[in-house]
Each structure stands twice: as C-alpha cells, then as structure tokens.
Amino acid sequence: MKTLILILLFVLAATLSHAQVYKWVDEKGVVHFTDDITQIPEKHRRAIEQREVNEEKSETKEEGQAPQKKEADSYKDRLGRGEEYWKARVEESRKKLQSLQEKVESLRLKYNELTEKFNTSKSSAERAVIRNEREQIKNQMDEFRVKIGEAKEMLEKKIPEEASLYGAKPEWVTP
1 MKTLILILLF VLAATLSHAQ VYKWVDEKGV VHFTDDITQI PEKHRRAIEQ
51 REVNEEKSET KEEGQAPQKK EADSYKDRLG RGEEYWKARV EESRKKLQSL
101 QEKVESLRLK YNELTEKFNT SKSSAERAVI RNEREQIKNQ MDEFRVKIGE
151 AKEMLEKKIP EEASLYGAKP EWVTP
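1 is the number of the first residue of the sequence shown in the working numbering; add one for each residue after it.
Hints listed in this document are in silico derivations from the structure and should not be mistaken for laboratory results.
Just to be clear, a hint being listed does not mean it is correct.
[What the hints assert, rightly or not] Calculated cross-link-like contacts (lysine-lysine; reagent style DSBU-like; alpha-carbon spacing at most 30 Å):
(1) K169 x K147
(2) K95 x K43
(3) K87 x K147
(4) K158 x K76
(5) K157 x K103
(6) K28 x K43
(7) K157 x K169
(8) K138 x K158
(9) K95 x K28
(10) K103 x K152
(11) K87 x K158
(12) K157 x K147
(13) K138 x K96
(14) K103 x K158
(15) K43 x K96
(16) K147 x K117
(17) K76 x K152
(18) K138 x K110
(19) K87 x K169
(20) K76 x K157
(21) K169 x K76
(22) K96 x K169
(23) K95 x K147
(24) K138 x K152
(25) K157 x K87
(26) K23 x K43
(27) K103 x K147
(28) K76 x K95
(29) K103 x K87
Can you build the whole structure from these sequences, using the hints too?
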C-alpha cells in the first residue's frame, strides 16, 4: 500500500512539473493550444504539434522567436513611477531653489541701494523711512534664506531618501 501511494506521488509530481501542450490549426488558419488531445477535432489530430511545457517557468518561448530584452527604461519604482517622475521632482526642486536665490539676490541689491540712500540722506525723517524699508527687506531675505535651506535639503536629502525607500535608481535623483 505504501509503495502504491509513493508511486502515485511520483506520477503526480511529474505531471505537475511537466505537461503536454498540443498546437493545431483549424480550416480558417486560427492557431489553437490545448493540453487535452480529446479537445482537438479528429480531422486535425494528424497535424498537431506536441510541446512539453515546464510549469515552473513563467515565460514560454516560441521557436524562432528571440527572447525579449528588458529595456532599462521599463524599470519602475515600487509605486510604478519611472525615471521621468523622479527627474521631474528633482528639476522642480532645482527651479524652486534657483527662484528663491534670485529673489534673495534682488532683495540684496535693493537693500544695498537703500543703504546708499540712507548714507547720503541728511533728513532724519527720510533716514527713518529708509531704515524701516531696509529692515523689512532684511526680514524678507531671512525668510527666503530659510526657504532656500529647505529647498536644498529637499534636493540633497529628502528626494534621494524617498527614492531609495521606493526603490528608484539613485542616478534618477542625482542633483
């Protein structure tokens, strides 16, 4: 009894790992595949092709067909986002950083002009107005510098960390 069960297990294991697949073409030229020879009409059984399929493999290859080449462009991160998404994120952060730096530079030039006016002014009332304007500009510059620091951190740390977390390629986010 044990021997019979053992033989049945071997037969079952063999049928699970390999199966016969039959290919046949009907009168209209349509190609059919089946694993049951009884599904093939009697008149087409003479022209069938038998193929052995290993079910452990997930891909099958037709004769004369070259294996498909995986392109580097088809790689995606864990959420399905590709190189374009990550490069766009980096570019957006770069543009934001550049814009903030330009604003700070513009404010710095304005601050320097007001400083020159302040130094040449003889009226204490005018100097007080200029001093208030300069103070406002200095505060704006400080706010923009904080935002510049945040944009740099996003570009240099946060985006690369997020890309790593989601399995994106490091070269996609290199600043």
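Status of the hints after comparison with the structure:
no., hint, in the structure
1, K169 x K147, "holds (27 Å)"
2, K95 x K43, "violated (70 Å)"
3, K87 x K147, "holds (21 Å)"
4, K158 x K76, "holds (19 Å)"
5, K157 x K103, "holds (23 Å)"
6, K28 x K43, "holds (14 Å)"
7, K157 x K169, "holds (15 Å)"
8, K138 x K158, "holds (28 Å)"
9, K95 x K28, "violated (60 Å)"
10, K103 x K152, "holds (15 Å)"
11, K87 x K158, "holds (14 Å)"
12, K157 x K147, "holds (15 Å)"
13, K138 x K96, "holds (20 Å)"
14, K103 x K158, "holds (23 Å)"
15, K43 x K96, "violated (72 Å)"
16, K147 x K117, "holds (29 Å)"
17, K76 x K152, "holds (26 Å)"
18, K138 x K110, "holds (10 Å)"
19, K87 x K169, "holds (11 Å)"
20, K76 x K157, "holds (21 Å)"
21, K169 x K76, "holds (9 Å)"
22, K96 x K169, "holds (23 Å)"
23, K95 x K147, "holds (13 Å)"
24, K138 x K152, "holds (21 Å)"
25, K157 x K87, "holds (15 Å)"
26, K23 x K43, "holds (14 Å)"
27, K103 x K147, "holds (11 Å)"
28, K76 x K95, "holds (25 Å)"
29, K103 x K87, "holds (24 Å)"
Taken one by one, the earlier hints fail for this structure at numbers 2, 9, 15, listed in ascending order.
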